[in-house]
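In case you want the letters, here they are:
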Amino acid sequence: MSPMDGMTLFHEIKAIFPAMPVILLTAYASVETAIEAMKSGAFDYLTKPFKVDEMLETVRRAEALLKSNSVVVAADPNAPLRYQFENLIATNATMLQVCEMIQRVAPTAATVLINGESGTGKEVIARTIHNTSPRKEKPWVAVNCAALPENLLESEMFGHVKGAFTGAASDKEGLFETANGGTLFLDEISSLPLMLQGKLLRVLQEKEIRRVGGTTNIAVDVRVIAASNTNLEQMVVQGTFRADLYYRFAVITLDIPPLRERPEDILPLARHFINAETSDCKVHPTLSQEAADVLVSYKWPGNVRELENAIKHAVIFLQDGTITPDLLPPRILSRAQEAKVQRATATGAANTNTSLKGFLKLKEKEYLEQILSSTNGDKEKAAQTLQVSLATLYRKLSEDAPGGEDRLAAQD
Amino acid sequence: MTKILIVDDEARILLLLQSLLKANGFEAATARDGNQALELQKKTLSTSSSPTCACRRWME
Chain E
0 MSPMDGMTLF HEIKAIFPAM PVILLTAYAS VETAIEAMKS GAFDYLTKPF
50 KVDEMLETVR RAEALLKSNS VVVAADPNAP LRYQFENLIA TNATMLQVCE
100 MIQRVAPTAA TVLINGESGT GKEVIARTIH NTSPRKEKPW VAVNCAALPE
150 NLLESEMFGH VKGAFTGAAS DKEGLFETAN GGTLFLDEIS SLPLMLQGKL
200 LRVLQEKEIR RVGGTTNIAV DVRVIAASNT NLEQMVVQGT FRADLYYRFA
250 VITLDIPPLR ERPEDILPLA RHFINAETSD CKVHPTLSQE AADVLVSYKW
300 PGNVRELENA IKHAVIFLQD GTITPDLLPP RILSRAQEAK VQRATATGAA
350 NTNTSLKGFL KLKEKEYLEQ ILSSTNGDKE KAAQTLQVSL ATLYRKLSED
400 APGGEDRLAA QD
Chain G
0 MTKILIVDDE ARILLLLQSL LKANGFEAAT ARDGNQALEL QKKTLSTSSS
50 PTCACRRWME
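Protein chains in written order, with numbering that gives the first Met the number 0: chain E, 0 to 411; chain G, 0 to 59.
Calculated directly from the structure, the hints in this document are not laboratory data.
Please note: incorrect hints may appear among the correct ones.
Calculated pairs, DMTMM-like style, for lysine to aspartate or glutamate (alpha carbon to alpha carbon, straight line, at most 20 Å) [as the list claims (entries may be wrong)]:
(1) Lys2/G <-> Glu11/E
(2) Lys50/E <-> Glu62/E
(3) Lys21/G <-> Glu56/E
(4) Lys2/G <-> Glu26/G
(5) Lys2/G <-> Glu56/E
(6) Lys21/G <-> Glu53/E
(7) Lys41/G <-> Glu11/E
(8) Lys38/E <-> Glu99/E
(9) Lys2/G <-> Asp52/E
(10) Lys198/E <-> Glu176/E
(11) Lys13/E <-> Asp32/G
(12) Lys21/G <-> Glu9/G
(13) Lys135/E <-> Glu176/E
(14) Lys135/E <-> Glu122/E
(15) Lys47/E <-> Glu31/E
(16) Lys13/E <-> Glu38/G
(17) Lys2/G <-> Glu53/E
(18) Lys395/E <-> Glu379/E
(19) Lys311/E <-> Asp292/E
(20) Lys198/E <-> Asp220/E
(21) Lys21/G <-> Glu62/E
(22) Lys50/E <-> Glu9/G
(23) Lys42/G <-> Glu11/E
(24) Lys47/E <-> Asp8/G
(25) Lys137/E <-> Glu207/E
(26) Lys47/E <-> Glu9/G
(27) Lys298/E <-> Glu363/E
(28) Lys21/G <-> Asp52/E
(29) Lys2/G <-> Glu62/E
Just the calculated beta-carbon pair ranges, DEER-fashion [as the list claims (entries may be wrong)]:
(30) Ser18/G <-> Lys13/E: 21 to 31 Å
(31) Lys41/G <-> Gly40/E: 11 to 21 Å
(32) Glu38/G <-> Pro262/E: 51 to 61 Å
(33) Glu260/E <-> Ser18/G: 51 to 61 Å
(34) Gly180/E <-> Lys41/G: 31 to 41 Å
(35) Glu9/G <-> Glu207/E: 23 to 33 Å
(36) Leu15/G <-> Lys311/E: 54 to 64 Å
(37) Gly40/E <-> Glu38/G: 17 to 27 Å
(38) Gln233/E <-> Lys41/G: 44 to 54 Å
(39) Asn23/G <-> Val295/E: 53 to 63 Å
(40) Lys380/E <-> Asn23/G: 53 to 63 Å
Backbone N, C-alpha and C define an ideal beta-carbon position, used for all residues, glycine too.
Next up, chain E with everything else stripped away, as it sits in the complex (with noise of 0.2 Å):
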């Protein structure tokens, strides 16, 4: 019999021993099999030459996970499946897949890359995925990379010592070594400049950082989770994002659907942020009939954000104990009013009475949102998709206001 090869093995083990975990070694060369390898159910890989320690924690959290998880096996495989996440709503097919993907990725150490457009939850489920994990007791840290200049996030992420630039009048404890033991979440890691990524792959792989102006290195234990609303494939393509980091990434990738595209969660979603905004009263108000229509008729572009927002506002101006359309947003009202328009001007309805102008209208704003959520609201190549100026598609956009240039920053 000729000698079986690894990848065979490992598939071989994983159809007889399910439940096994199993550790890859593996040379740095061939890091994206075993990425493949992670995805089909591989417990953790290591890179040669590794640590006899960090050898000795890898299989000691694959013991513990054994442990917790005996039960798991034996339970039924037909089951349905359930998930206790707090703050976690979900009834959709594609949202269920992402649930099921936070429960296998939990109680490993692997970095996980969670994709979305704004406001879809990313950091709600970075939290989700901290919360369940074995790290859960042990500090979450956020930082959110876009939101400081390029050498402030260098000192927060690392730390810096005493005199390293004009101005560090004492060493500082970097954000790596504050969540040391736990999870480090990292928001809008596209906007993380390439020196820093560079950096950052090195914490990765050595698990160990070096303060700025530093000369000693300060071993950490930090699970990452990134985030991004960026295509980070597309930017590795054109070199703005390091292709070493975004492998080291992409072990686990969540894709997070647009709300949009999500619609029988939209009211679940309302009653759980109603039950929320209202938690010390005594009776929950109730959503009337029409609110809850134009709840779901909304495209909802600032996505679960946008609507916990609207709940909110719905919920100070709150008269009785129930919501009703006039107490939402007016941008939602007069989008859902003309949601209804049109479709009544789609099947022909006898009774409408817009205009062919208004008709016209409403139809190039239907293009112009479809365009623009097709490029995740970036204005210039939707212009560009569109083949009109820049200066025009502004024009377009506020031209329908209101709601034109509100819902664009309702995106960010």
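Guided by the hints, dock chain G onto chain E, whose structure is given.
Okay, now just chain G, sitting in the frame of chain E:
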């Protein structure tokens, strides 16, 4: 005690990992290739109920 199965095509690596794991309180078995690993794993599982991890080297 957790059993670890180490798979590698190099005897030196097997010996090294085995002694390291044993020194740290694990039970460690070794296999030189995939077929041997599968045989061993099936035998181990039929004689004991304790969980096993496999740690194996990427065979280039």
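To see whether the hints hold, each was checked on the structure:
no. : hint                             : verdict
1   : Lys2/G <-> Glu11/E               : holds (19 Å)
2   : Lys50/E <-> Glu62/E              : holds (19 Å)
3   : Lys21/G <-> Glu56/E              : holds (14 Å)
4   : Lys2/G <-> Glu26/G               : holds (5 Å)
5   : Lys2/G <-> Glu56/E               : holds (15 Å)
6   : Lys21/G <-> Glu53/E              : holds (16 Å)
7   : Lys41/G <-> Glu11/E              : holds (12 Å)
8   : Lys38/E <-> Glu99/E              : holds (13 Å)
9   : Lys2/G <-> Asp52/E               : holds (18 Å)
10  : Lys198/E <-> Glu176/E            : holds (15 Å)
11  : Lys13/E <-> Asp32/G              : holds (16 Å)
12  : Lys21/G <-> Glu9/G               : holds (18 Å)
13  : Lys135/E <-> Glu176/E            : holds (17 Å)
14  : Lys135/E <-> Glu122/E            : holds (15 Å)
15  : Lys47/E <-> Glu31/E              : holds (14 Å)
16  : Lys13/E <-> Glu38/G              : holds (14 Å)
17  : Lys2/G <-> Glu53/E               : holds (18 Å)
18  : Lys395/E <-> Glu379/E            : holds (14 Å)
19  : Lys311/E <-> Asp292/E            : holds (18 Å)
20  : Lys198/E <-> Asp220/E            : holds (16 Å)
21  : Lys21/G <-> Glu62/E              : holds (15 Å)
22  : Lys50/E <-> Glu9/G               : holds (18 Å)
23  : Lys42/G <-> Glu11/E              : holds (15 Å)
24  : Lys47/E <-> Asp8/G               : holds (15 Å)
25  : Lys137/E <-> Glu207/E            : holds (18 Å)
26  : Lys47/E <-> Glu9/G               : holds (15 Å)
27  : Lys298/E <-> Glu363/E            : holds (16 Å)
28  : Lys21/G <-> Asp52/E              : holds (14 Å)
29  : Lys2/G <-> Glu62/E               : holds (9 Å)
30  : Ser18/G <-> Lys13/E: 21 to 31 Å  : holds (28 Å)
31  : Lys41/G <-> Gly40/E: 11 to 21 Å  : holds (19 Å)
32  : Glu38/G <-> Pro262/E: 51 to 61 Å : holds (53 Å)
33  : Glu260/E <-> Ser18/G: 51 to 61 Å : holds (54 Å)
34  : Gly180/E <-> Lys41/G: 31 to 41 Å : holds (38 Å)
35  : Glu9/G <-> Glu207/E: 23 to 33 Å  : holds (28 Å)
36  : Leu15/G <-> Lys311/E: 54 to 64 Å : holds (60 Å)
37  : Gly40/E <-> Glu38/G: 17 to 27 Å  : holds (22 Å)
38  : Gln233/E <-> Lys41/G: 44 to 54 Å : holds (46 Å)
39  : Asn23/G <-> Val295/E: 53 to 63 Å : holds (57 Å)
40  : Lys380/E <-> Asn23/G: 53 to 63 Å : holds (55 Å)
In terms of the numbered hints stated before, the structure departs from none.
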